[in-house]
Structure formats: structure tokens, C-alpha cells
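Engineer: Residue-level listing of the chains:
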Amino acid sequence: MAVPILKQGPVLIASIQTALTDTDVLQLREDVMGQVTRHRSRGIIVDVTALDVMDSFVSRSLRGIAHMTRLRGAETVIVGIQPEVAFAMVQLGMKFEDVQTALDLEEGLALLRDQLKEPLTGAG
Amino acid sequence: MQAESRIAIESDADVVTARQRARELAGDLELSSTDQTLLATAISEVARNITHYATRGEVRLRVIRDGNGREGIEVVASDEGPGIADLERALQDGYTTGGGLGLGLPGARRLVDEFDIQSEPSRGTTVTLVMWQRVAGRSVRA
Amino acid sequence: MADTPDVTATDGHGEATEGLLRELVSHLRANRTQLREEWARRISEARLLTALTQEEIFSEATSIYDSYVGVLETGSVEALQDYARNLSERIIPRGVEVDEVVGIVLLLRDVLARSLFEKYQSDFDLLNRVLDAYEPAANRIANTVAGNFVGERERVIRQQQEAIRELSTPVLQVRERLLILPIIGVLDGQRARQLTEQLLRGIRANRAKVVVIDITGVPTIDSTVANHLVQTVEASRLMGASVIITGLSSDIAQTLVTLGVDLSKVNAVGDLQGGIEEAERLLGYEVTQGDYLPSEAR
Chain A
1 MAVPILKQGP VLIASIQTAL TDTDVLQLRE DVMGQVTRHR SRGIIVDVTA LDVMDSFVSR
61 SLRGIAHMTR LRGAETVIVG IQPEVAFAMV QLGMKFEDVQ TALDLEEGLA LLRDQLKEPL
121 TGAG
Chain B
1 MQAESRIAIE SDADVVTARQ RARELAGDLE LSSTDQTLLA TAISEVARNI THYATRGEVR
61 LRVIRDGNGR EGIEVVASDE GPGIADLERA LQDGYTTGGG LGLGLPGARR LVDEFDIQSE
121 PSRGTTVTLV MWQRVAGRSV RA
Chain C
1 MADTPDVTAT DGHGEATEGL LRELVSHLRA NRTQLREEWA RRISEARLLT ALTQEEIFSE
61 ATSIYDSYVG VLETGSVEAL QDYARNLSER IIPRGVEVDE VVGIVLLLRD VLARSLFEKY
121 QSDFDLLNRV LDAYEPAANR IANTVAGNFV GERERVIRQQ QEAIRELSTP VLQVRERLLI
181 LPIIGVLDGQ RARQLTEQLL RGIRANRAKV VVIDITGVPT IDSTVANHLV QTVEASRLMG
241 ASVIITGLSS DIAQTLVTLG VDLSKVNAVG DLQGGIEEAE RLLGYEVTQG DYLPSEAR
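Residue numbers (my numbering), protein chains in the order written: chain A, 1 to 124; chain B, 1 to 142; chain C, 1 to 298.
If you're looking for bench data, these hints aren't it; they were derived computationally from the structure.
In this text the structure is predicted, and so the values were computed from the model without any measurement.
C-beta atoms are modelled at their ideal positions from N, C-alpha and C, and glycine is treated no differently.
Honestly, I wouldn't trust all of these hints.
[Claimed, not checked] Now the in silico label distances, taken between C-beta atoms and shown as ranges:
no., chain 1, residue 1, chain 2, residue 2, range
1, A, 95, C, 51, 50 to 56 Å
2, C, 30, B, 134, 55 to 61 Å
3, A, 23, C, 277, 48 to 54 Å
4, B, 118, A, 97, 31 to 37 Å
5, B, 134, C, 284, 39 to 45 Å
[What the hints assert, rightly or not] Residues of chain B placed beyond 12 Å of chain A at every Cβ, according to the derived structure:
no., residue
6, 56
7, 70
8, 103
9, 133
Let's have the full structure, built from the sequences with the hints guiding it.
Structural biologist: Put into C-alpha cells, the structure is as follows:
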């Protein structure tokens, strides 16, 4: 199932609703890159609140997306990593050192707003 | 609650099924939500190897009990794929710096209480994981 | 008034005393049903053991009564101690208090004493001698039962305190978005992991952006705990919270370095106060000449 991507001003919000298959992940990457290019987005939030597991494949893929969008001038913020998931990721050795993270959507937007130095509220 | 479950692993949707079944079983045994997530993540790691390298395989879940009455979940992920030639290297950490083989095995091993791997090139691979109930310090009756 | 009777041995070893105790025991056995009922009635009247049902009270009363008589007969409190321990284990979880246990034992002593008054009322001298034999034994019994109960209670309380110490994390929300986790005592791997889990859940619940982990009260850590500390920092970051470690002693810093922990990645500040100030700085609070300017204010 494709991950819905919403546009909010210069920022895209991708909300992952269910566990991702490999195909879903590849599709997400394609969709994100497509949208970033089309809208010249400056930031993208990937919301993983609904994920109860983030294994090394998903983590690596999200890192990959973050790197690619950065090359296109958009900063990615992963939000909503749950406590148990964060614990497991760290035990696995997945650190996300070069990828920004925030607690939730609200925090992610605030972070991007500060970084992009422009308001993100209002109709996009 | 079923004592044993077998899940055929043929697509990555099956990986999700396997780890969700394991989570259910873990919940029945009242494993903490952290332990449930660790187990599900470990299963995701090893079952993904099946779909990526062996095309087809199976995950078997079972409730086991030790001598003290403590219960645990045993996961056996097996396939008849290409097998791993250099097991030692596969279990090494630091894949990005050249160690390990990117199979997520050292990581999976860290997540669970017991880990075993048997593999033979061209014959297949079997990974066994165990997660036990955590028993808080019991009082000793005088 | 009768002459003061000879004081016989009060520990039950004198022959006369033994004879009296034997008579006492057979009296208590003969009147078992009636005395036991009287006692149970007085327990209810005094509103003791309200946590137990009538059937339970009667059943325990029977056991205690028989044990009581057993002590008078054999002079040994061993069987009574076993029973008292067993009883305590059963009734403490039901919320029975020390004063109740002492109360019922004293009531039994009184009930039996009065029955002796009644029996020997025509021979005051004999009554005194019987009481001389009875009282020390009765007091010993009261002490044994109460002592056992108190001991068991203390053991349970100690256990509960231990459990509370282990399980509850004093994750303190001091300011909005700022959590403090003061760790005290020696950590083992299991407790360290529990603390990590609770901190991470605390970050979500309190929407914390900065966490100050104070380890001033931790004398030493081993490699397991050091790894947990590092993992806690990393996991907190994944949840969007930055971590400041305070109270890092030079001993522990050395341990971390020896274990290969990259201290440059750890934001360490000398003491808790300094850590809180650094945290506030990170959160954008700046105190300039008494003003308070959160970064969100525009």
C-alpha cells in the first residue's frame, strides 16, 4: 500500500500507516523524490509513529531517502520513533547519526520551521 | 493460544505476518513490550534474509519451558537457500567498515537471549532465536 | 490475704510447676470448644482481624489455640514459631496490622487467665501458683507470635522497598520539555535497562526535548552499564531529545574511555545545576537581566 504524502507549504509529510514491505519502501523512495522535485520542497517529514518495528532494512532505506532528498535541497526529518523501537534500533546498531529526528509531527515541523526560517502554517 | 505456528516465508508480507504472530505469542507469555519489539525486530532481520537470498523458507514459532518453569519463545527461521560460506564473518559486527556480511545477524543476536545459526553452502540456513520471560527477583521464603 | 506463695521456677522446669502446667493443659483441652468460642467472640467485639472472614478467624483461632496449649505442654515454642511464620505470610498480604496480631494474642491470654480465675477462685493460693506457671509461658507465646509477625512484616517491607527502588524511575519533569533522571546507587545491567526503557517512555509522555541524566550518585559502572548509558543517549536522540550527562566522575570517565566510548559524542557537564542551565540554554531559555525569553516568543 502506498504511503500518502501531503504537502504543507514548502514541506512534504509522508505518514507511514502500516508495516512496510520492501516494495512499499522502494515505492516510497520514488514517490518522495518525485514530489520533492515537483514541488521543489525544502523539507520532508517521514512519520513512523505507526511502525512497531524498524529493522535494519527499513532504517537503511530511510537514511537513503534522507541522503537523496538532501541532494535535492530538501531536509528530511524522521518523526515518531516509539520508545521500544528506538531501543531496538540502538541495540541493532542503527543510529541515524546523519539523519534528523524529532519526537512527533509537531516537533518535526517546528524543527524544519526553525531551520528553513519560514512559517509553515496555513494552507499549502 | 497455539503452542506452535509455522509461517511460510515467500514474500515480505510473510515477514510481517511472522513477526506479528511472534508478538502475539510473546504477549500471551506476558513478555514486556520492549522484549516483544526486540523479538519482532530480530525475526524481521532473519526472515528478510530468507526473502532476499533464499527466495523461500519458513519461520516456526514455539513456546518452550526451562527447568525452572520459565517460559520463552523459540523461533526457528529456516530456508534451503544458498547458505552462508563464511559464518564467522557473517557474525562479525561493523558491516559498513568491512566486517560482517550485511545480513543483520550480529544485530539480531544482540536483541535476543539465545541465538544459534547453522548453515551449509547450497544446503540452506537455519537460525534459532529464543526470548525468555524476565522473572523479577523472587523472594526466598525463610 | 494468703501468704506470698513460694516462687517456683518460672521457666517450667520445676516439678511443681510442671505438675501445674499439666493440670493447666488438661483444663484448657477440656474446655477447648468453649474457650475458643469465647476468644473468637472477643476478637470480633474488639473489631480485630476485620480483613478475615468469620470462618477464617475461627480456623486460625483453632490453630493458635492448639499451638498455645502445645507450648504450655511441651515447653517448646518451635512448633508455634513455624505456625506463626506461616500465619504471618498468609495474613500480611491481607492487610492485617501488628496491633491486631498482638491484640488477639493478648485476648487469648486474658480469656485463658479468666478461665483459670474461675476454676481456682476458691483456692487463692493455688490460683497464684497456677498463674505463676501460666504467665511466663503466656508471655513467651505472645512474644513469639508478635515477634514473628513483626519480623515477617519487616521482611516484606524491605522487599517492597527494593522493588520500588528497582522499578520506579524518578524521571522528573522540571520544566516544560526538560526531564531529569537522577541515578543513585550501583547499577546492574537489568536496572540500567529498566531505567532506559522508563526514560524513553518518559520522553514520549512528557514530550521532552532535553534530558539531564545525573550520575553523581553512581560510584562505578561496568561495561554493561556503560553501554546502556551510551545506548540511552542514542535512543533518546532517535526520539528527538538531546541528552546531557552530569556528575561524570573521573573514574567513570576513565572507564568509558577504556571501553572505547567516544566521549566527544557525550554532552557532559560537571554538576546537575550546570546541566540544568545547559539544558535551558538548549531549550532556548535565556535569562538576561531578569528577563525570560523562550525562543518561541516572537
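Engineer: All hints, please: hold or fail.
Structural biologist: Against the structure, the hints:
1. Separated by about 54 Å at the C-beta atoms, residue 95 of chain A and residue 51 of chain C satisfy the suggested range of 50 to 56 Å.
2. Separation of residue 30 of chain C from residue 134 of chain B is about 57 Å and conforms to the stated range, judged on CB atoms against 55 to 61 Å.
3. In this structure the supplied range 48 to 54 Å holds for residue 23 of chain A paired with residue 277 of chain C, their Cβ-Cβ distance being about 50 Å.
4. A beta carbon spacing of about 35 Å between residue 118 of chain B and residue 97 of chain A agrees with the range 31 to 37 Å that was offered as a hint.
5. Look at residue 134 of chain B against residue 284 of chain C: about 40 Å separates their beta carbons, and that is inside 39 to 45 Å.
6. At roughly 15 Å from the closest C-beta of chain A, the C-beta of residue 56 of chain B stays outside 12 Å, upholding its exclusion from the interface.
7. The claim that residue 70 of chain B is not at the interface with chain A holds, since no C-beta of that chain comes within 12 Å of its own (minimum 22 Å).
8. Distance check on residue 103 of chain B: its Cβ comes as close as 9 Å (rounded) to a Cβ of chain A, failing to clear the 12 Å threshold; non-interface status is violated.
9. For residue 133 of chain B, the shortest C-beta to C-beta distance to chain A comes to about 17 Å, beyond the 12 Å cut-off, and the non-interface label holds.
Checked against the numbered hints above, the structure violates only hint 8.
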